[in-house]
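Line order of the protein sequences matches chains L and D. Each residue of the first sequence is one higher than the one before, starting from 144 at the first, in the working numbering. Each residue of the second sequence is one higher than the one before, starting from 3 at the first, in the working numbering.
Calculated directly from the structure, the hints in this document are not laboratory data. There may be inaccurate statements among the hints.
[Said to hold, decoys possible] Simulated pairs of lysine-lysine, DSS-like, Cα-Cα distance not exceeding 25 Å: (1) LYS243(D) <-> LYS159(L); (2) LYS358(D) <-> LYS159(L); (3) LYS194(L) <-> LYS16(D); (4) LYS248(D) <-> LYS213(L); (5) LYS335(D) <-> LYS160(L); (6) LYS43(D) <-> LYS157(D); (7) LYS16(D) <-> LYS157(D); (8) LYS335(D) <-> LYS159(L); (9) LYS358(D) <-> LYS186(L); (10) LYS194(L) <-> LYS248(D); (11) LYS335(D) <-> LYS186(L).
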Amino acid sequence: MAKVLIPTPLRQYVDKKDTVEAAGATVGEVLGALTTQYPDLRKNLYTDEGKLRSFVNVYVNDEDIRYMSKDATAVAAGDTVTIVPSIAGGL
Amino acid sequence: MTPVETAAGLSLSKEEILRYSRHLIMPEVGMDGQLKLKAAKVLLIGTGGLGAPLGMYLAAAGIGKIGIVDFDVVDYTNLQRQVIHGTSDVGRKKLDSAADTMKEINPYVEIAKYEVALTSENAMEILKDYDIVVDGTDNFPTRYLVNDACILLGKINVYGSIFRFEGQATVFGHPGGPCYRCLYPEPPPPGLVPSCAEGGVLGILPGVIGLIQATETVKLILGAGEPLVGRLMLYDALNMKFRELKLRKNPDCPICGDHRTIHKLIDYHQFCGVPQHEPEPEPGVTANEIDVTALKARMDQGKVALVDVREPHEYQICRIPGSILIPLGDVPKRMNELNTADEIIVHCKSGIRSAKACDLLRQSGFKRVLNVKGGILAWSDKIDPSVPKY
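Assemble the whole structure, with the sequences as input and the hints as a guide.
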């Protein structure tokens with residue numbers, strides 16, 4: 144199981160949890176398991192075409208999956224998958 | 003490398019030496035460093051939550067020239083976090099209030115005020131005279147505008163953003179380092195990510211993130227330490243955790259990559275899919291709306307099915323008597339509590355969420371659904387002033 148860290152704006156779709164455990168050998172599998180468990184999360188992470196939205200970054204430990212193997216990036220048991228969405232607040 | 007080219011010709015007066023003595027006795031700053039700070043020109047975009055601690059500490063630190071960009075007026079809801087403004091400043095221009103506070107902290111700082119909204123037309127002209135730009139705005143179009151203008155001008159952009167209990171900070175536009183578009187190639191579609199005004203923010207949070215930005219600004223000027231370049235700092239106040247993620251320069255970035263496709267500023271409102279100005283509400287009401295005066299008359303006549311679609315914590319602040327609370331997110335699963343044959347009147351804070359709820363109800367077969375124009379804010383204005391506004 145990988146630990147998935149959920150950012151504040153998305154916690155409303157995962158029963159207000161900040162961390163969720165999900166199984167999978169790749170990022171795609173982990174997020175697939177996560178969005179099966181929490182279907183409302185899906186449209187906030189993926190486009191209608193099934194692509195990860197470009198204002199949502201996903202990291203395995205501290206590495207951005209865009210610079211690894213994207214959805215196919217390997218996830219080992221105990222790894223932390225972090226979802227980081229764009230936020231603009233400042234005032 | 004420091005963005006400040008030269009401090010030659012500058013010196014400190016006796017009064018300044020006393021003022022900056024705790025800097026001067028540290029070898030990492032010393033006289034050379036303090037003169038670099040004095041030679042530096044820093045532009046703050048926004049004097050709100052992030053801009054408040056930035057303006058105060060950067061002034062105290064002895065930055066030679068600080069530009070501030072803002073066109074807003076201080077209101078009561080700002081005071082929970084924008085510590086550069088005080089209660090007696092409510093109603094004043096933020097620029098004047100901020101400049102007065104900064105001048106009071108340090109009269110040796112030159113302050114340049116820009117009472118404008120930063121746009122593609124004025125950004126290059128305003129930014130060009132500064133060494134470092136510090137982004138403390140609250141919206142995606144300005145974030146992309148500041149980034150692109152900084153990259154096109156070769157300026158460093160010290161970035162911070164906040165939401166509820168979480169903050170992000172990093173330094174963009176450092177030679178060889180990534181930019182905002184490398185981190186987030188595209189903005190979220192409008193409405194998907196709430197702003198602080200919609201989602202709230204812990205008042206202390208911008209203090210923490212703003213001071214990370216201030217720290218990076220001072221370090222960059224001094225050329226001291228390891229700048230927050232290529233690293234995204236995440237701060238979670240609730241769990242009191244700082245985390246750091248790797249942030250890489252995207253070789254295909256349209257503005258800082260190897261094959262630049264953006265050569266001048268674009269229309270950032272269009273890029274982010276948001277209108278430049280919120281459309282003015284139409285006078286009068288549409289067939290799907292009811293105003294608060296008519297609602298009050300209806301309630302005086304008898305029972306009305308009034309649904310409040312705000313969140314429970316908002317319902318605790320204030321409510322319209324007789325309303326039932328069904329938060330917008332719960333409407334799909336709780337609409338069976340309502341009778342499709344009844345006329346359903348729906349309200350929220352200002353009328354936006356209730357309009358969405360009305361659409362949901364109509365799609366589900368409710369025939370008579372009315373949205374309360376202006377929400378509970380209008381109710382407070384026109385019907386019952388004892389209802390607090392928030």
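Review point. Any hints this thing doesn't respect? Which numbers, in order?
Key: Violated hints (numbers, rising): 3 and 7; every other hint is consistent with the structure.
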